[in-house]
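Use the sequences and the hints to build the structure in full.
If you're matching them up, the sequences are chains A and B in order. The first sequence: position 5 = 13 (our numbering), numbered continuously. The second sequence: position 1 = 152 (our numbering), numbered continuously.
No lab work stands behind these hints: they were computed from the structure. We put the beta carbon where it would ideally sit given N, CA and C, even for glycine.
Computed spacing ranges between beta-carbons, pair by pair: (1) A:A24 <-> B:E433: 43 to 49 angstroms; (2) A:A24 <-> B:L274: 19 to 25 angstroms; (3) A:I106 <-> B:G427: 25 to 31 angstroms; (4) A:K34 <-> B:E301: 30 to 36 angstroms; (5) A:R86 <-> B:G427: 20 to 26 angstroms; (6) A:T39 <-> B:Q285: 47 to 53 angstroms; (7) A:T39 <-> B:R404: 42 to 48 angstroms; (8) A:T39 <-> B:E301: 37 to 43 angstroms; (9) A:I106 <-> B:N405: 42 to 48 angstroms; (10) A:A24 <-> B:R378: 40 to 46 angstroms; (11) A:I106 <-> B:R207: 35 to 41 angstroms.
Here are the simulated lysine-lysine pairs, DSBU-like style, with alpha carbons at most 35 angstroms apart: (12) B:K166 <-> B:K351; (13) A:K34 <-> B:K199; (14) B:K351 <-> A:K34; (15) B:K199 <-> B:K166; (16) B:K213 <-> B:K309; (17) B:K360 <-> B:K309; (18) A:K34 <-> B:K432; (19) B:K256 <-> B:K166; (20) B:K213 <-> B:K199.
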Amino acid sequence: MTASTTAGCAAPDQAAPLPASLDLEKETVITGVVRDAAGEPVTGAYVRLLDSTDEFTAEVVTSPAGQFRFFAAPGTWRLRALSRHGNGDTVLTARRGINEAIVPVAVD
Amino acid sequence: MSRDTALVSADWAEKNLETPGVVFVEVDEDTSAYDTGHLPGAIKLDWKTDLQDQVRRDFVNKDQFAALLSERGIANDDTVVLYGGNNNWFAAYAYWYFALYGHRKVRLLDGGRKKWELDARPLTTEAVSRPATQYVAQEPDHTIRAFRDEVVAAIGTKNLVDVRSPDEYTGRLLAPAHLPQEQAQRAGHVPTAISVPWSKAANEDGTFKSDQELREIYAAAGLDDSRETIAYCRIGERSSHTWFVLQELLGHRNVQNYDGSWTEYGSLVGVPVALGDEPGKE
Numbered sequence: 009m010t011a012s013t014t015a016g017c018a019a020p021d022q023a024a025p026l027p028a029s030l031d032l033e034k035e036t037v038i039t040g041v042v043r044d045a046a047g048e049p050v051t052g053a054y055v056r057l058l059d060s061t062d063e064f065t066a067e068v069v070t071s072p073a074g075q076f077r078f079f080a081a082p083g084t085w086r087l088r089a090l091s092r093h094g095n096g097d098t099v100l101t102a103r104r105g106i107n108e109a110i111v112p113v114a115v116d
Numbered sequence: 152m153s154r155d156t157a158l159v160s161a162d163w164a165e166k167n168l169e170t171p172g173v174v175f176v177e178v179d180e181d182t183s184a185y186d187t188g189h190l191p192g193a194i195k196l197d198w199k200t201d202l203q204d205q206v207r208r209d210f211v212n213k214d215q216f217a218a219l220l221s222e223r224g225i226a227n228d229d230t231v232v233l234y235g236g237n238n239n240w241f242a243a244y245a246y247w248y249f250a251l252y253g254h255r256k257v258r259l260l261d262g263g264r265k266k267w268e269l270d271a272r273p274l275t276t277e278a279v280s281r282p283a284t285q286y287v288a289q290e291p292d293h294t295i296r297a298f299r300d301e302v303v304a305a306i307g308t309k310n311l312v313d314v315r316s317p318d319e320y321t322g323r324l325l326a327p328a329h330l331p332q333e334q335a336q337r338a339g340h341v342p343t344a345i346s347v348p349w350s351k352a353a354n355e356d357g358t359f360k361s362d363q364e365l366r367e368i369y370a371a372a373g374l375d376d377s378r379e380t381i382a383y384c385r386i387g388e389r390s391s392h393t394w395f396v397l398q399e400l401l402g403h404r405n406v407q408n409y410d411g412s413w414t415e416y417g418s419l420v421g422v423p424v425a426l427g428d429e430p431g432k433e
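See the structure below:
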């Protein structure tokens, strides 16, 4: 799916395959899984992408397999997950192409 | 307007799920969210198919809005409580829409679907139907809606508030980061617009910050209370969130939402565009 005038800002299905039209030479994809303390994927977690100044950039809800995906830009990002199992953070430096991350959550 | 008349808490909502005259309405682009579980008794409005004209890029008109609400069983006297995902972006958009067509008793559920889910409050997949009504909509109130020429004329004269993320404001991104970035329009912002991301107004659970915190945020960003204000984002839903904060929570007057927003402005030929962190000159 490409973003268009008619497309909203709501998140697409987080488990869907990457669109074939996506140009990974240009896009910086940040994808991964939210896992609880036992290492199990957390579905329905809210994952927030925060920029290098900690400002909110986007938020998605994880798929049944705990997956999330963002289309960002190269640089340092913080991923923060909120869930009924607790919250958690991870920081990553993204480059063009696909960047994978695991966000652990635990009861605060 | 104020917090007491514009917002309800999750606790209030849970206690009033069955109160006659209170209608809960979920508004979310992701309609599958409603289908996997919604507030008991809540109906659904689809911002794209129900609230927008299917040919032109515009709203449904007054008669279409009245027909929609009649069919869904919302009466003029009902208290409509809107909620949704994405930190209530689309619920705020619908709130602004109800306000535009003159519905008096409309509220936003503080924290929306996110807080409700994180609190583990009840959700159901039971089908909901309400008896039809004879809803009468008012003429659209254009004092709360800005069109593109008003935005161009506002450069350097009114408060322009760009509520997108800092990377969209500076021109580094063209869309929120959960969407692919391929776009036709130019990147940047309307010259003289200040950057106050919508998210500054919300806590991470999606609830709104306190009035005092909100006043400090906009004052620090340089919003001049004595001037009229136009808020915009990419397609007008995040700026509905900020319109709600400024006009409905803080009681500012003459705040307009520019729903054409950057997908329109950034595609216009011959208008000024500013790049980078600074608002830029006229």
